[in-house]
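Protein chains in written order, with the working numbering: chain C, 1 to 163; chain E, 1 to 163; chain U, 1 to 163; chain H, 1 to 163; chain V, 1 to 163; chain G, 1 to 163; chain Y, 1 to 163; chain X, 1 to 163.
Think of the hints as simulated: they come from the structure by calculation, not from any bench.
Mixed in with the good hints there might be a few duds.
[Said to hold, decoys possible] Some chain X residues well away from chain C (every beta-carbon gap over 10 Å; in silico):
id : residue
1  : 3
2  : 137
3  : 152
[Claimed, not checked] Taking lysine to aspartate or glutamate pairs in the EDC-like style, the calculated list, with each CA pair at most 16 Å apart, reads:
id : chain 1 : residue 1 : chain 2 : residue 2
4  : U       : 150       : V       : 44
5  : H       : 154       : E       : 44
6  : E       : 161       : Y       : 32
7  : C       : 150       : U       : 44
8  : G       : 156       : H       : 11
9  : Y       : 156       : G       : 44
10 : X       : 161       : C       : 11
11 : E       : 154       : Y       : 135
12 : X       : 161       : C       : 32
13 : H       : 150       : E       : 44
14 : G       : 154       : H       : 44
15 : G       : 154       : H       : 153
16 : Y       : 161       : G       : 32
17 : U       : 156       : V       : 54
18 : G       : 150       : H       : 11
19 : H       : 154       : E       : 11
20 : E       : 156       : Y       : 32
21 : C       : 161       : U       : 44
22 : X       : 156       : C       : 11
23 : V       : 154       : X       : 157
24 : E       : 150       : Y       : 44
25 : C       : 150       : U       : 11
26 : Y       : 154       : G       : 32
27 : H       : 156       : E       : 133
28 : G       : 161       : H       : 32
This structure is a prediction, so every number in the text was calculated from the model and none was measured.
Every residue, glycine too, gets a C-beta built ideally from N, C-alpha and C.
Number of protein chains: 8
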Amino acid sequence: MKKIGIIMGSDSDMPVVQKAIDVLNEMKIPYEAHIYSAHRTPAEAAQFASEAADNGFGAIIAVAGMAAHLAGAIAANTVLPVIGIPCSSAAFGGMDALLSTVQMPSGIPVATVAVNGGANAALLASQILAVSDPELAEKLRERRQSAAQKVLEKDKELQQKML
Amino acid sequence: MKKIGIIMGSDSDMPVVQKAIDVLNEMKIPYEAHIYSAHRTPAEAAQFASEAADNGFGAIIAVAGMAAHLAGAIAANTVLPVIGIPCSSAAFGGMDALLSTVQMPSGIPVATVAVNGGANAALLASQILAVSDPELAEKLRERRQSAAQKVLEKDKELQQKML
Amino acid sequence: MKKIGIIMGSDSDMPVVQKAIDVLNEMKIPYEAHIYSAHRTPAEAAQFASEAADNGFGAIIAVAGMAAHLAGAIAANTVLPVIGIPCSSAAFGGMDALLSTVQMPSGIPVATVAVNGGANAALLASQILAVSDPELAEKLRERRQSAAQKVLEKDKELQQKML
Amino acid sequence: MKKIGIIMGSDSDMPVVQKAIDVLNEMKIPYEAHIYSAHRTPAEAAQFASEAADNGFGAIIAVAGMAAHLAGAIAANTVLPVIGIPCSSAAFGGMDALLSTVQMPSGIPVATVAVNGGANAALLASQILAVSDPELAEKLRERRQSAAQKVLEKDKELQQKML
Amino acid sequence: MKKIGIIMGSDSDMPVVQKAIDVLNEMKIPYEAHIYSAHRTPAEAAQFASEAADNGFGAIIAVAGMAAHLAGAIAANTVLPVIGIPCSSAAFGGMDALLSTVQMPSGIPVATVAVNGGANAALLASQILAVSDPELAEKLRERRQSAAQKVLEKDKELQQKML
Amino acid sequence: MKKIGIIMGSDSDMPVVQKAIDVLNEMKIPYEAHIYSAHRTPAEAAQFASEAADNGFGAIIAVAGMAAHLAGAIAANTVLPVIGIPCSSAAFGGMDALLSTVQMPSGIPVATVAVNGGANAALLASQILAVSDPELAEKLRERRQSAAQKVLEKDKELQQKML
Amino acid sequence: MKKIGIIMGSDSDMPVVQKAIDVLNEMKIPYEAHIYSAHRTPAEAAQFASEAADNGFGAIIAVAGMAAHLAGAIAANTVLPVIGIPCSSAAFGGMDALLSTVQMPSGIPVATVAVNGGANAALLASQILAVSDPELAEKLRERRQSAAQKVLEKDKELQQKML
Amino acid sequence: MKKIGIIMGSDSDMPVVQKAIDVLNEMKIPYEAHIYSAHRTPAEAAQFASEAADNGFGAIIAVAGMAAHLAGAIAANTVLPVIGIPCSSAAFGGMDALLSTVQMPSGIPVATVAVNGGANAALLASQILAVSDPELAEKLRERRQSAAQKVLEKDKELQQKML
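Produce the complete structure using the sequences and hints provided.
Okay, structure coming up:
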């Protein structure tokens with residue numbers, strides 16, 4: 001099975017990354033996580049991206065805040081699907097990172113998820129691998145059913161409380 | 001080869017859809033385009049999504065403006081990767097559609113691209129299929145090289161003009 | 001008397017829902033509250049909405065945050081008035097939920113109230129029922145007078161403090 | 001049948017009002033339209049609102065731009081449901097009017113629809129009257145079906161074009 | 001000397017009002033503070049405004065948050081200068097109140113100051129009275145000099161710390 | 001009678017200034033208009049402001065766009081009331097100018113009106129002079145009545161059209 | 001004299017670049033302009049930046065829109081001062097480019113100027129070179145005086161028109 | 001070596017200033033820090049700026065929040081490079097200060113860095129001095145390498161934790 005690469009711009013992004021890792025572990029998808037900054041270590045970030053396909057990665061998750069160039073910088077160096085997680089920071093609640101991640105110019109897409117959306121980034125990566133992996137697709141469908149079940153159980157609890 | 005589904009909420013989204021279609025044609029990726037509204041034909045939209053995997057689709061592109069629920073509504077009914085294109089409308093330049101598309105709750109990701117980003121949505125869909133299709137990956141890499149070449153040629157022209 | 005349906009996308013929305021319930025209790029209007037997610041349990045949300053009129057509901061309040069599709073998804077499946085409460089979340093203070101709720105396309109309105117506006121949603125639902133219920137209308141007018149009275153009493157206290 | 005009141009802050013709002021009138025005519029719902037400004041004729045606006053219930057109105061649509069106080073000023077003087085349409089103006093695409101209309105304090109709700117959402121305001125008013133008018137509810141359901149039908153026909157045309 | 005009226009929409013605005021009162025006390029300008037809501041007690045707010053000139057007021061400060069209609073509602077009923085203080089609330093940091101206060105339509109101005117700008121509203125009111133009161137103008141100039149002096153003293157302290 | 005000073009940062013602001021001049025002419029209030037830039041001619045702007053009270057001015061209107069410092073720079077050099085008109089420019093619809101004008105620090109207020117609000121700035125200036133000029137106050141009241149009359153006449157025309 | 005490098009992400013940025021070139025020509029500062037995209041030709045952009053100091057450049061102006069990573073990508077590869085011009089595009093008036101350019105993480109600054117601010121970017125570059133070039137500094141001071149003179153002449157014309 | 005001037009509008013900006021001072025100390029660049037307000041002490045701010053070049057300064061950092069005019073007011077009085085740090089305040093997360101600082105009119109640039117970006121402002125000032133100071137440029141390159149090294153070490157630690 002292909003691996004998912006997770007690149008974060010700074011170790012302060014680890015809480016968001018952890019949410020992604022939890023999902024990948026749950027889905028039993030192998031991954032590698034790295035700290036590479038688009039601005040402080042641009043060469044390493046570019047190198048990771050350009051070798052990722054050959055190194056067995058199937059998709060890359062990039063996690064960054066503020067002028068969040070990391071996902072775009074990764075995407076510029078690979079044709080693997082790159083998923084961008086914009087992180088919130090103090091000033092603008094993540095609007096800076098969201099626009100820096102999603103508003104990519106024509107030619108180099110970044111698949112952007114919600115601000116701090118670690119779990120969804122990993123689920124999207126899983127869904128991408130599942131396109132050619134029916135077993136993983138089945139696991140994802142089961143996860144959906146289980147999530148639906150939890151909502152319905154919470155609804156049932158609510159009904160009992162309300163009696 | 002798996003097909004790409006393109007669902008638009010209204011036929012007024014066709015100019016954005018056309019940019020996606022042009023890329024898919026260029027990449028020789030089969031597709032189906034439909035007009036299904038998350039609000040006016042919710043059942044048809046949900047049905048398309050829930051049967052898409054069985055019907056040979058590998059990813060779905062959803063195109064909508066304003067309170068753009070279409071991508072989320074599609075994503076809620078399939079574990080195929082769903083790519084959302086927020087369309088700009090008169091009032092907020094697409095900020096309403098962007099936030100409605102990207103800020104999905106945990107569990108149901110939508111891979112969001114730039115406002116009106118038809119070409120990038122199709123490229124992202126292509127990249128997703130290319131994860132298990134080395135030939136398509138090669139075509140995407142060639143497209144990148146050709147895009148880079150065009151930039152460098154334009155730079156060369158600029159240098160000559162500046163002499 | 002017709003019932004008010006309250007649908008929340010997640011049990012984390014309960015504090016906002018509670019403000020609505022308090023008003024409905026005060027107005028002695030029957031209600032049912034449910035947890036149904038537009039994305040995790042889309043079928044249940046749609047079913048509730050499509051059967052709501054037959055099940056004795058007169059209006060539905062939908063409560064959701066982020067890419068808040070719930071009100072729109074409910075509205076797509078009923079011609080009962082649907083009242084949307086956009087909930088604030090960490091990133092954008094509720095702007096994402098507000099735009100996702102209010103910017104509905106032509107044909108499917110959602111009556112949107114303020115961010116986290118639980119009490120006003122229930123008052124609006126009450127006002128809707130009161131259109132054909134003069135007794136309820138009278139109760140609402142009394143509530144207004146009492147609210148006005150409280151403001152004037154606070155003003156009186158202020159005048160005494162200022163002497 | 002109860003009438004719908006339509007109050008606009010200025011005759012420049014007429015294009016948005018016309019969209020509401022068209023829907024009310026289609027639904028055969030009687031209405032009265034007035035130009036009353038919250039700021040230039042506050043007394044007339046307040047008087048209209050406070051007498052509206054006695055004058056046979058079932059709901060009021062208020063249409064205004066910029067610091068759009070009109071819906072709130074109407075709502076402050078009646079317990080009829082008040083529907084606010086924020087109008088776009090040059091500076092902020094209607095964000096000023098949207099926030100001025102929707103962010104009402106607890107106690108006085110305004111049912112806000114999309115920027116320039118004339119048709120949806122009238123549909124919402126119709127849905128409110130339809131709560132106690134099964135025939136009107138049926139008409140609204142038929143309108144929904146017809147709208148759905150139009151979407152599906154456009155989809156069919158698209159399929160034929162794509163062959 | 002003319003009085004300054006201070007109207008707040010809710011007693012929760014008192015901290016902002018207090019900053020205004022402190023300045024008026026410092027300037028020895030008489031004032032009256034009231035709690036009148038544009039929406040809960042519209043008649044009282046309008047009456048206060050329409051009688052303010054005759055009651056010896058020279059300017060009115062209106063303090064409100066969210067869809068902050070209070071300043072506009074006051075201004076609609078008097079030709080005294082009306083100063084609006086937009087108050088911040090949880091959702092949008094005061095952007096809703098700012099736009100609701102400042103974006104007044106042609107004909108009815110509101111002199112808007114910064115979000116939560118209690119002191120500046122009172123200073124502006126003082127400056128308005130000082131147009132025809134040279135002694136007050138002198139006091140305001142002295143306050144400016146004293147403020148400048150404080151800045152320069154802080155700069156001097158900083159220089160000593162930095163040695 | 002005291003004069004109104006109108007300072008614009010650039011002659012491109014003249015259309016907004018003209019709306020102010022029209023109102024002052026209508027009110028028969030003397031004025032002087034100048035082009036002084038806060039950034040290109042800071043000394044002249046400061047000098048005008050610091051001498052304005054002695055030169056017979058009663059209030060100053062400052063008109064500027066983008067990082068609109070002009071009103072603040074004028075206000076820093078006088079205790080006359082300073083009215084700021086934020087002008088819209090291409091990028092942000094005037095949000096840059098609005099925030100640069102209204103968000104003044106404690107101590108130096110600027111009375112801010114709506115984006116491009118030339119007429120309201122002049123009306124506010126008139127209202128300020130009218131605090132000590134009952135005849136001008138009467139003129140302003142008459143202007144209000146005439147504006148109200150126009151609204152009511154437009155309403156009457158609308159009623160006739162609707163018959 | 002050191003050269004100024006001007007890098008634009010796309011030839012569609014040329015109108016903004018031209019404003020910079022005009023100022024550099026006026027200041028008789030040598031420059032080189034290139035089209036290098038942060039995403040389509042990341043290697044060329046990085047190489048230009050990393051060799052710029054050795055190639056006789058004293059500062060680099062980077063011009064880009066949308067998720068404008070170019071200035072940051074250049075800045076990551078040189079310690080020359082990098083000036084970023086965010087370009088406006090259809091969706092958000094340049095807010096995406098502004099935040100992507102200015103919100104750089106600690107360690108890698110980008111000197112950001114106004115949206116589409118071509119002339120100011122070149123003036124800033126000139127001011128940077130002028131720190132160690134008194135003659136250029138003198139030229140810049142003369143340009144300021146001439147700009148001030150133009151403002152004062154326009155003011156004089158205005159006075160004559162107003163007589 | 002030329003000095004860096006640091007001007008803050010209020011001593012409450014000291015935490016941001018301290019981050020700049022730390023970098024300048026690290027780079028062994030002499031500096032002077034002052035508290036001068038654009039609005040409370042405009043003359044002192046202007047005088048500092050207009051004499052700065054003659055007093056041995058090579059660049060000026062201006063630090064201010066809200067309607068942050070300080071950097072522009074400094075820039076208007078010198079042709080030294082002026083670096084603006086917009087400070088966040090309660091209401092808008094620094095958007096007011098950012099737009100007030102960066103959106104300067106043509107002719108008077110301000111080199112704007114991120115909200116609260118004290119370290120980057122000092123690094124930019126250092127880079128400006130380094131244009132004509134190869135030793136300082138070398139120090140800056142070393143700082144970059146050391147920052148890159150730290151990122152790579154954190155990545156190494158992460159790899160070990162993940163084993």
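Restraint check for residue 161 of chain X with residue 32 of chain C, where alpha carbons must lie at most 16 Å apart: The hint holds at about 12 Å.
Hinted pair residue 161 of chain X and residue 11 of chain C, Cα distance within 16 Å: holds, 13 Å
Given pair status - residue 44 of chain V, residue 150 of chain U, alpha carbons within 16 Å: Since the Cα atoms of residue 150 of chain U and residue 44 of chain V sit roughly 13 Å apart, the hinted pair holds (cutoff 16 Å).
16 Å Cα cutoff - pair residue 154 of chain V, residue 157 of chain X: violated, 45 Å
Pair hint residue 150 of chain H and residue 44 of chain E, alpha-carbon separation not exceeding 16 Å: holds, 13 Å
Pairwise hint evaluation, residue 44 of chain U against residue 150 of chain C, where the allowed Cα distance is 16 Å at most: With a Cα-Cα distance of about 13 Å, the restraint between residue 150 of chain C and residue 44 of chain U holds, given a limit of 16 Å.
Pair hint residue 154 of chain Y and residue 32 of chain G, alpha-carbon separation not exceeding 16 Å: Roughly 14 Å separates the two Cα atoms, so the pair holds.
Claimed clearance of chain C by residue 137 of chain X, with the beta carbon kept past 10 Å: holds, 18 Å
Satisfaction of hint between residue 44 of chain E and residue 154 of chain H, Cα-Cα up to 16 Å: holds, 13 Å
Restraint status (C-alpha distance of residue 156 of chain Y to residue 44 of chain G at most 16 Å): Satisfied, since the Cα-Cα distance of roughly 13 Å is no more than 16 Å.
Pair hint outcome, residue 150 of chain E versus residue 44 of chain Y [Cα-Cα no greater than 16 Å]: Holds, at roughly 13 Å.
Satisfaction of hint between residue 32 of chain G and residue 161 of chain Y, Cα-Cα up to 16 Å: Judged against 16 Å, a Cα distance of about 12 Å means the pair holds.
In the structure shown, a violation is registered for the earlier hints numbered 3, 11, 15, 17, 21, 23, 27, in ascending order.
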